[in-house]
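Novice: Residue strings, one per chain:
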Amino acid sequence: NAGVTQTPKFRILKIGQSMTLQCTQDMNHNYMYWYRQDPGMGLKLIYYSVGAGITDKGEVPNGYNVSRSTTEDFPLRLELAAPSQTSVYFCASSYSRVANTGELFFGEGSRLTVL
Amino acid sequence: AQTVTQSQPEMSVQEAETVTLSCTYDTSESDYYLFWYKQPPSRQMILVIRQEAYKQQNATENRFSVNFQKAAKSFSLKISDSQLGDAAMYFCAYNTDKLIFGTGTRLQVFP
Numbered sequence: 001n002a003g004v005t006q007t008p009k010f011r012i013l014k015i016g017q018s019m020t021l022q023c024t025q026d027m028n029h030n031y032m033y034w035y036r037q038d039p040g041m042g043l044k045l046i047y048y049s050v051g052a053g054i055t056d057k058g059e060v061p062n063g064y065n066v067s068r069s070t071t072e073d074f075p076l077r078l079e080l081a082a083p084s085q086t087s088v089y090f091c092a093s094s095y096s097r098v099a100n101t102g103e104l105f106f107g108e109g110s111r112l113t114v115l
Numbered sequence: 001a002q003t004v005t006q007s008q009p010e011m012s013v014q015e016a017e018t019v020t021l022s023c024t025y026d027t028s029e030s031d032y033y034l035f036w037y038k039q040p041p042s043r044q045m046i047l048v049i050r051q052e053a054y055k056q057q058n059a060t061e062n063r064f065s066v067n068f069q070k071a072a073k074s075f076s077l078k079i080s081d082s083q084l085g086d087a088a089m090y091f092c093a094y095n096t097d098k099l100i101f102g103t104g105t106r107l108q109v110f111p
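Respectively, the protein sequence lines represent chains A and B.
Counting from 1, one number per residue, gives the positions in the first sequence under the numbering used here.
Counting from 1, one number per residue, gives the positions in the second sequence under the numbering used here.
If you are wondering where the hints come from, they were derived from the structure by calculation, not from laboratory data.
From a predicted model like this one, the values you see are computed outputs, not experimental measurements.
Where is the CB? At the ideal position from N, CA and C, for every residue including glycine.
It cannot be assumed that every hint is accurate.
[Stated by the list, open to error] Partial chain A-side listing against chain B, Cβ under 7 Å, derived:
| no. | residue |
| --- | --- |
| 1 | 42 |
| 2 | 43 |
| 3 | 45 |
| 4 | 103 |
| 5 | 104 |
| 6 | 106 |
| 7 | 108 |
| 8 | 109 |
Pulled out of the complex, with its shape left as it was, chain A reads as follows (with noise of 0.2 Å):
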């Protein structure tokens, strides 16, 4: 029972560097988001998709890019990490429209550091 995987759990990126932050999911779920959590916070939508193809921007998408071209993937990039950048990510897919199902299934979450 895979479920929700992201990988790296644990980054340190020095202020202009670039990574992503890889999410897959074996549930055949149609819908996925990202997540980020600062320390003390909860937890503020970056970007979601619907579908393969499909994205859309969320609360808080500046300095972020995503892409889905296959239903289980949905990677996340950073282009010119800052240190505003710092935090705990969460990647989390649900089979439909969280208001027809209610529930989200998270990763375990990827924290990045930004020095």
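Got chain A sorted already, so can you dock chain B onto it with the hints?
Specialist: Below, chain B without anything else, positioned relative to chain A:
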């Protein structure tokens, strides 16, 4: 814009006692879901309980129950017979298309 407010940054409870975590939300929608998620130190997000807005009956899952007041836009979580393993961050969340989280309440459980 939809917002979710958790006004208690920290709460504590004695083992075996009952504790209630508060949550309010703001929306103009009539049909939506509300959730409580638990985040232990492992960072994993675990669904505790969910409530569908059109249902009058309060949801219950074992020791966890909610008090859903739709008119007041209030959605509190009651944990009965608290256990040491209940210690975690608890997030209230609201959704129509996307899940919007509150800032969380850190629950400490003392033996």
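Novice: Now look at each hint and say whether the structure bears it out.
Specialist: Okay, the hints, checked on the actual structure:
Interface restraint check for residue 42(A): the shortest CB-CB distance to chain B comes to about 4 Å, inside 7 Å, so the restraint holds. At about 5 Å, the closest approach between the beta carbon of residue 43(A) and any beta carbon in chain B falls short of 7 Å, and the interface hint on this residue holds. Proximity of residue 45(A) to chain B holds as hinted, the smallest CB-CB distance being about 6 Å (cut-off 7 Å). Nearest Cβ of chain B to the Cβ of residue 103(A): about 6 Å, under the 7 Å cut. The hint holds.
Taken as an interface hint, residue 104(A) checks out: its beta carbon lies about 6 Å from the nearest beta carbon of chain B, inside 7 Å. Of the supplied interface hints, the one on residue 106(A) holds, with its beta-carbon coming within about 4 Å of a beta-carbon of chain B, less than 7 Å. Taken as an interface hint, residue 108(A) checks out: its beta carbon lies about 6 Å from the nearest beta carbon of chain B, inside 7 Å. Below 7 Å, beta-carbon pairs count as interface contacts, and residue 109(A) has one with chain B at about 5 Å; its hint therefore holds.
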